[in-house]
Amino acid sequence: MTAADAVRDCRQRLLSFFHEAAKPREQWLVGMEVEKLGRTREGDPIPFSGQRASVLETLQHILAKRGGQPVCEAEHLIGIDAPWGAISLEPGGQVEWSSRPHATLDGLKKDLDAHLATMDQAGTELGIDWLDVAVDPELGVAEMPWMPKARYKIMRPYMGERGRLAHRMMTQSASIQVAFDYSDPEDWRRKFKSASLLTPLAVALFANSSHIDGADSGYRSYRQVIWRVTDPDRCGLPRSVFEPGFGLESWLDYA
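Residue numbering for the sequence shown is 853 to 1107, as defined by the working numbering.
Hints are supplied without guarantee of correctness; some may be wrong.
Within a straight-line C-alpha distance of at most 16 Å, the following computed EDC-like cross-link-like pairs (lysine to aspartate or glutamate) qualify [claimed, not checked]:
#	residue 1	residue 2
1	1043	1095
2	961	885
3	1043	1033
4	962	885
5	1001	925
6	1045	965
7	917	972
8	875	1033
9	1045	1033
10	1001	948
11	917	933
12	1005	1101
13	1001	927
14	875	1101
15	917	872
16	917	861
17	875	1038
18	875	1036
19	1045	1095
20	917	963
Derived DEER-like restraints, expressed as beta-carbon distance ranges [claimed, not checked]:
#	residue 1	residue 2	range
21	1089	874	27 to 33 Å
22	924	1106	14 to 20 Å
23	976	1096	51 to 57 Å
FYI, nobody ran anything at the bench for these hints, they're computed from the structure. Note that CB positions come from ideal geometry on N, CA and C, so glycine has one too.
Turn these sequences into a full structure, and let the hints guide you.
Written as structure tokens, this is what we have:
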């Protein structure tokens, strides 16, 4: 197989993923992901392990309270897979919950409330405060721990060479993400473009990261600033998104 054949095969596989994911409107579901930054009562970042206020103890608490299958990498517990969703870890120890897809927002909210209640209980019992901000407002990036996941051993040096705020993004930021279904490539195009156009409004409405390193950053959303200087290959959108004729084919050209 030539290099051109390999690219062509890869492109067709990627395109097939988008087509296979399409479903009729009556089958549409919605999902979400919520990341939480944890700090000790003294204001320190919680390490992976070694003390009661830690990421490992949090995972074990959630397993004990809600059940599920442990997800391990080598000897480390790094996540949970369960009927109520999944737990994974971001590079700096952010605990991320991914919901199961729901047909209604009411069902999604019920699962979200149950997750947040479990996190609050874990915080109370383990001595952890969960921050409701998108970027750590007090700590310096050099103070952050790194989780024992193989992918982060690759990403840490690579990303660090790509952008001056990449490590702050990896270890000190948190977000909420949503996922929506679509019926066909045209519906995908409309939703992708609409989401892109609405992004500045969403950033303004939900901005809650004005402080870094214990001082006012001068921005309402410093998380947005971070993403502008994280990695040129991962930041922003190509001009083609806003041009006539944008769709799956032009998105794959970019990819």
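Going through the hints against the structure:
For the suggested pair residue 1043 and residue 1095, the alpha carbons sit about 15 Å apart, so the restraint of at most 16 Å is met. For the hint pairing residue 961 with residue 885, the CA-to-CA distance comes to about 12 Å; that is within 16 Å, so the pair holds. This hinted pair checks out: residue 1043 and residue 1033 have alpha carbons roughly 9 Å apart, not beyond 16 Å. For the suggested pair residue 962 and residue 885, the alpha carbons sit about 14 Å apart, so the restraint of at most 16 Å is met.
Our distance criterion of 16 Å between C-alpha atoms is met by residue 1001 and residue 925, whose separation comes to about 7 Å. Under the criterion of a C-alpha separation no larger than 16 Å, the hint pairing residue 1045 with residue 965 is inconsistent with the structure, at around 30 Å. Taking the CA atoms of residue 917 and residue 972, the gap is near 12 Å; set against the 16 Å cutoff, the hint holds. Straight-line distance between C-alpha atoms of residue 875 and residue 1033 comes to about 7 Å, which keeps the hinted pair within the 16 Å bound.
Distance restraint check for residue 1045 and residue 1033: the Cα-Cα separation of roughly 14 Å lies within the 16 Å cut-off, and the hinted pair is therefore satisfied. Taken as a hint, the residue 1001 and residue 948 pair is honoured in the structure, with Cα atoms around 14 Å apart against an allowance of 16 Å. This hinted pair checks out: residue 917 and residue 933 have alpha carbons roughly 14 Å apart, not beyond 16 Å. With a C-alpha separation of about 33 Å, the suggested pairing of residue 1005 with residue 1101 is violated against the 16 Å cut-off.
This hinted pair checks out: residue 1001 and residue 927 have alpha carbons roughly 11 Å apart, not beyond 16 Å. Distance check on the hinted pair: residue 875 and residue 1101 sit about 19 Å apart at the alpha-carbon level, beyond 16 Å; violated. For a cut-off of 16 Å, the pair hint linking residue 917 to residue 872 is broken: about 36 Å separates their Cα positions. In summary, the hint linking residue 917 to residue 861 is not supported, as the alpha carbons are separated by about 46 Å, beyond the 16 Å threshold.
This hinted pair checks out: residue 875 and residue 1038 have alpha carbons roughly 12 Å apart, not beyond 16 Å. Proposed proximity of residue 875 and residue 1036 is supported: the alpha carbons are some 7 Å apart, at most 16 Å. Between residue 1045 and residue 1095 the CA atoms are separated by roughly 10 Å; this keeps the pair inside 16 Å, and the hint holds. Annotation: proposed proximity of residue 917 to residue 963 holds, straight-line Cα distance about 14 Å (limit 16 Å).
At about 22 Å, the CB distance of residue 1089 to residue 874 disagrees with the hint of 27 to 33 Å. Checked against the given bound of 14 to 20 Å, the beta carbons of residue 924 and residue 1106, roughly 36 Å apart, lie outside it. At roughly 54 Å, the beta carbons of residue 976 and residue 1096 sit within the given window of 51 to 57 Å.
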